[in-house]
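Please arrange chain W on chain P, whose structure you already have, making use of the hints.
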Amino acid sequence: MKLLDIISSANSNLFRNKTRTFLTILAVFIGSFTIILNSAINSGVNDFIDRQVESAGGDGYLEIMTTEAVDTFSSMMNTSEVQEYKEKSSNGQNSSYITDEQIEKASKIPGVESIDLIYFATPEYVTKKGSDKKYAVTSLNLMPRGNVNLDVTAGRKPDSTSSEPEVALTEAYVKALGYNSDEEAIGETVTFAVPNTIACYTAVKREDCLKFVDAKVVAVQAPGVMATGGMRANLALNDAIYQLSTEGMPEETKRHAFQATAQVEPNKVDEIKEELKKIGLIAMTIDDEVGMIRTFFDAILVVFSIFGAIALIAASIGIINTLFMSVQERTREIGLMKAMGLSNAKIFLSFSCEAILLGFWGSVFGIAVSMAIGLIGNEVAHQTFLADFPTFDLVKFNPLNMLIITLIIMFIAFLAGTLPARRAAKKNPIDALRYE
Amino acid sequence: MGKVIEAKNLTKIYGKKSAAFTALDGINLDINEGESVAIVGKSGSGKSTLMHLLALLDTPTKGTIEIDGQNATKLSKRQLNKLRNSRFGFVFQQFFMNANDTVLENVILPLKIAGVSRFKRKKMALEALKIVDLESKAKNKSTDLSGGQKQRVCIARAIVNNPKIIFADEPTGNLDSATGDKITDLLFALNEKRGVTLIIVTHDEDLAKLCKRIVRISDGKIISDSAVRKDAQAKASERREKEAARVKRANEKEAK
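So the protein sequences, as listed, match chains P and W. The first sequence begins at 1 in the working numbering and counts up by one. The second sequence begins at 1001 in the working numbering and counts up by one.
The following block holds chain P by itself, in its conformation from the complex:
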């Protein structure tokens, strides 16, 4: 008997008892559907996180804080533990600041390409140049030097090697500032108002202590969920704003920074992290930062996958049962085929084929239904809770994943089928023919 004949007769044998076959396929379907949809959500979420990571920082990009700062943050998070007081230095300087010495040492570590202290620029409001409509600025972050991407809908990321101040707006600011489209905003100039810390202590009116700086709009950002939201400034703009706000302060105080960014050789990240630790600096890649989120999602999906796996185990038992019944019913047919010279191996193959086909059809329906639900789900999500993230597909179908899942399910079905298939193959033709 040829393989193709075995497969086609296995398939037609399956549909002899339609109800029973349908129910068995349904059982496989429940398992495959759960696992496929799960894997699709996993792909969707991970793809989204990946893109966010990419937009936040690419390979070899590090964010650096002092060990003390990290400790302070973690003790802030942990209110149930009280730590012993550590004496500060005589000038009261907080050791959470990164020192010049540390920067000096860090820049000498082999593989470190650049390292910049990050000063927090805190402009008060922004206007379209020449307009008197003012919009509060809640967050303006530095677009650091190095291998960092920005997910943009128009323009290009702010260039931190340029000496001209540049800014990437968010879509909300584009609308508020009165541009008709993202493209229209590109190349326009906006003005930031910056309060000078010293002057504002004594100023009677707030306007009296405000200073202004112009920046060119070079990009509009695609919405993201990571901590990197807000407008992005290039180094020139960030510095300009910081200078304006700290004008008149002692140089030493001006130099206070909690954070630094570094661009290092991507394949040396781990060693460099170790070296930085020795000089009291903790470095994190964006991957480290989103690792938590990823772990959280993965944990949920693992739980659902376990449900799917349990459903598949139950379905396997269903397959075993179905095929045992089928073997029983077709005892005489098996006997006849054996009398006619069909080998045990082919009988085994033919029943295994039925099992595999049960798995196959279950997976195919699983894929079809989960795709349908996934597409509807994406549509609904885009219109509701994911309306701000047009580039984020909640469910993403990866053909390779689906193929692998289908193959695994077919293999599980095959394993389940081996028991009944063995029984069929071992039947003695004479006994089988006598069977009433």
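Fair warning: there could be bad hints in the mix.
Computed cross-link-like contacts, DSS-like style, restricted to lysine-lysine with a CA-CA straight-line distance of at most 27 angstroms [said to hold, decoys possible]: (1) LYS1062/W - LYS426/P; (2) LYS133/P - LYS211/P; (3) LYS1017/W - LYS1221/W; (4) LYS427/P - LYS1074/W; (5) LYS1082/W - LYS1164/W; (6) LYS1123/W - LYS2/P; (7) LYS1120/W - LYS1141/W; (8) LYS1139/W - LYS18/P; (9) LYS1141/W - LYS18/P; (10) LYS426/P - LYS1074/W; (11) LYS426/P - LYS1077/W; (12) LYS1017/W - LYS1042/W; (13) LYS1193/W - LYS1164/W; (14) LYS427/P - LYS1077/W; (15) LYS1130/W - LYS1182/W; (16) LYS1008/W - LYS1221/W; (17) LYS1003/W - LYS1230/W; (18) LYS1182/W - LYS1141/W; (19) LYS18/P - LYS1137/W; (20) LYS1074/W - LYS1008/W; (21) LYS1120/W - LYS2/P; (22) LYS1164/W - LYS2/P; (23) LYS1016/W - LYS426/P; (24) LYS1139/W - LYS2/P; (25) LYS1077/W - LYS2/P; (26) LYS1182/W - LYS1235/W; (27) LYS426/P - LYS1017/W; (28) LYS216/P - LYS129/P; (29) LYS1008/W - LYS1042/W; (30) LYS1042/W - LYS1230/W; (31) LYS1082/W - LYS2/P; (32) LYS1017/W - LYS427/P; (33) LYS2/P - LYS1141/W; (34) LYS1062/W - LYS427/P; (35) LYS426/P - LYS1082/W; (36) LYS1122/W - LYS2/P; (37) LYS1016/W - LYS427/P; (38) LYS1120/W - LYS1130/W; (39) LYS1082/W - LYS427/P; (40) LYS157/P - LYS216/P.
Bear in mind the hints are in silico, worked out from the structure with no lab data behind them.
For chain W alone, coordinates are given in the frame of chain P:
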């Protein structure tokens, strides 16, 4: 005419030691090409066991079977399967048809097992159906057929691979005498016109007497092996015809 089957000292023992049961005890039997042989015996006599051994469906405890001079007891499973598939045809009392398949698919089965290509096997199956005069039913489901038609399909299935030997196990056992006659006519026509060796296992004396030779089995031994005289053969067919006519009349009466 050469020997198609040569069985020497065939013994089959079921069970072991104290529970051992000797189903066949030192059977020697030669069957020539083109013969029609009836194996007759009461139930439990060992006639079915003998047929199973001759048809290579079972292996003897002792003794050898040669098919066309080839020692079948020394063949591998694969060779046995091939031998059965290419040389033998089977007709059973209970038909053994796949109810949900079409008539054609049922007839095709041995060819499918042999791995004959789709086109060729369809052609061969239709030819076999033509011989049993059921070409028109090729596309029907086998459940739609009457008992006689079913057995004719089984004969078509048995001859589709052009076998040398047809084993028929109580071929008319499930049929009334009129339909049974049609089946026997078909079988003997195959025997006479095509030279197919016919081995019929039966307890029906009339059917047995239509064969050229009767082998009687009792308690696992051959008690007689003789050619059927022409007049006995004629008497048997006469009696059968009468019986058939009677059944026909009875049926007609019932119909009225």
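Against the structure, the hints:
The straight-line distance between the Cα atoms of LYS1062/W and LYS426/P is roughly 23 angstroms, inside the 27 angstroms bound, and the hint therefore holds. A C-alpha spacing of about 17 angstroms is found between LYS133/P and LYS211/P, which places the hinted pair at or below 27 angstroms, so the restraint holds. Our distance criterion of 27 angstroms between C-alpha atoms is met by LYS1017/W and LYS1221/W, whose separation comes to about 21 angstroms. For the suggested pair LYS427/P and LYS1074/W, the alpha carbons sit about 22 angstroms apart, so the restraint of at most 27 angstroms is met.
With a C-alpha separation of about 13 angstroms, the suggested pair LYS1082/W and LYS1164/W falls inside the 27 angstroms cut-off, and the hint holds. A C-alpha spacing of about 18 angstroms is found between LYS1123/W and LYS2/P, which places the hinted pair at or below 27 angstroms, so the restraint holds. Distance check on the hinted pair: LYS1120/W and LYS1141/W sit about 21 angstroms apart at the alpha-carbon level, within 27 angstroms; holds. Of the pairs offered as hints, the one joining LYS1139/W and LYS18/P holds, with about 21 angstroms between alpha carbons and a cut-off of 27 angstroms not exceeded.
The straight-line distance between the Cα atoms of LYS1141/W and LYS18/P is roughly 17 angstroms, inside the 27 angstroms bound, and the hint therefore holds. Under the criterion of a C-alpha separation no larger than 27 angstroms, the hint pairing LYS426/P with LYS1074/W is consistent with the structure, at around 21 angstroms. About 13 angstroms separates the Cα atoms of LYS426/P and LYS1077/W, which keeps this hinted pair within 27 angstroms; it holds. With a CA separation close to 26 angstroms, the supplied pair LYS1017/W and LYS1042/W stays within the 27 angstroms bound.
Only pairs whose Cα atoms come within 27 angstroms are accepted, and LYS1193/W paired with LYS1164/W is accepted, the gap being roughly 13 angstroms. For a cut-off of 27 angstroms, the pair hint linking LYS427/P to LYS1077/W stands: about 14 angstroms separates their Cα positions. Distance check on the hinted pair: LYS1130/W and LYS1182/W sit about 15 angstroms apart at the alpha-carbon level, within 27 angstroms; holds. In summary, the hint linking LYS1008/W to LYS1221/W is supported, as the alpha carbons are separated by about 13 angstroms, within the 27 angstroms threshold.
In summary, the hint linking LYS1003/W to LYS1230/W is supported, as the alpha carbons are separated by about 23 angstroms, within the 27 angstroms threshold. For the proposed pair LYS1182/W and LYS1141/W, the alpha carbon gap of about 22 angstroms is at most 27 angstroms, so the pair holds. Using a Cα cut-off of 27 angstroms, the hinted pair LYS18/P and LYS1137/W holds, with the two alpha carbons roughly 25 angstroms apart. Annotation: proposed proximity of LYS1074/W to LYS1008/W holds, straight-line Cα distance about 14 angstroms (limit 27 angstroms).
About 14 angstroms separates the Cα atoms of LYS1120/W and LYS2/P, which keeps this hinted pair within 27 angstroms; it holds. About 24 angstroms separates the Cα atoms of LYS1164/W and LYS2/P, which keeps this hinted pair within 27 angstroms; it holds. Taken as a hint, the LYS1016/W and LYS426/P pair is honoured in the structure, with Cα atoms around 21 angstroms apart against an allowance of 27 angstroms. With a C-alpha separation of about 23 angstroms, the suggested pair LYS1139/W and LYS2/P falls inside the 27 angstroms cut-off, and the hint holds.
Between the alpha carbons of LYS1077/W and LYS2/P the distance comes to roughly 18 angstroms, so the proposed pair stays at or under 27 angstroms and holds. With a C-alpha separation of about 18 angstroms, the suggested pairing of LYS1182/W with LYS1235/W holds against the 27 angstroms cut-off. Simply put, LYS426/P and LYS1017/W have alpha-carbon atoms about 25 angstroms apart, close enough for the 27 angstroms limit, and the pair holds. A hinted pair counts as satisfied when its Cα atoms are at most 27 angstroms apart, and LYS216/P with LYS129/P qualifies at roughly 10 angstroms.
Distance hint between LYS1008/W and LYS1042/W is fulfilled; the C-alpha atoms sit about 23 angstroms from each other, no more than 27 angstroms. About 24 angstroms separates the Cα atoms of LYS1042/W and LYS1230/W, which keeps this hinted pair within 27 angstroms; it holds. For the hint linking LYS1082/W to LYS2/P, the alpha-carbon distance of about 14 angstroms falls within 27 angstroms, and the restraint holds. Distance restraint check for LYS1017/W and LYS427/P: the Cα-Cα separation of roughly 24 angstroms lies within the 27 angstroms cut-off, and the hinted pair is therefore satisfied.
Between LYS2/P and LYS1141/W the CA atoms are separated by roughly 24 angstroms; this keeps the pair inside 27 angstroms, and the hint holds. With a CA separation close to 23 angstroms, the supplied pair LYS1062/W and LYS427/P stays within the 27 angstroms bound. A C-alpha spacing of about 18 angstroms is found between LYS426/P and LYS1082/W, which places the hinted pair at or below 27 angstroms, so the restraint holds. The hinted pair formed by LYS1122/W and LYS2/P meets the criterion: a straight-line CA distance of about 15 angstroms does not exceed 27 angstroms.
Using a Cα cut-off of 27 angstroms, the hinted pair LYS1016/W and LYS427/P holds, with the two alpha carbons roughly 21 angstroms apart. Proposed proximity of LYS1120/W and LYS1130/W is supported: the alpha carbons are some 15 angstroms apart, at most 27 angstroms. With a CA separation close to 18 angstroms, the supplied pair LYS1082/W and LYS427/P stays within the 27 angstroms bound. For the proposed pair LYS157/P and LYS216/P, the alpha carbon gap of about 12 angstroms is at most 27 angstroms, so the pair holds.
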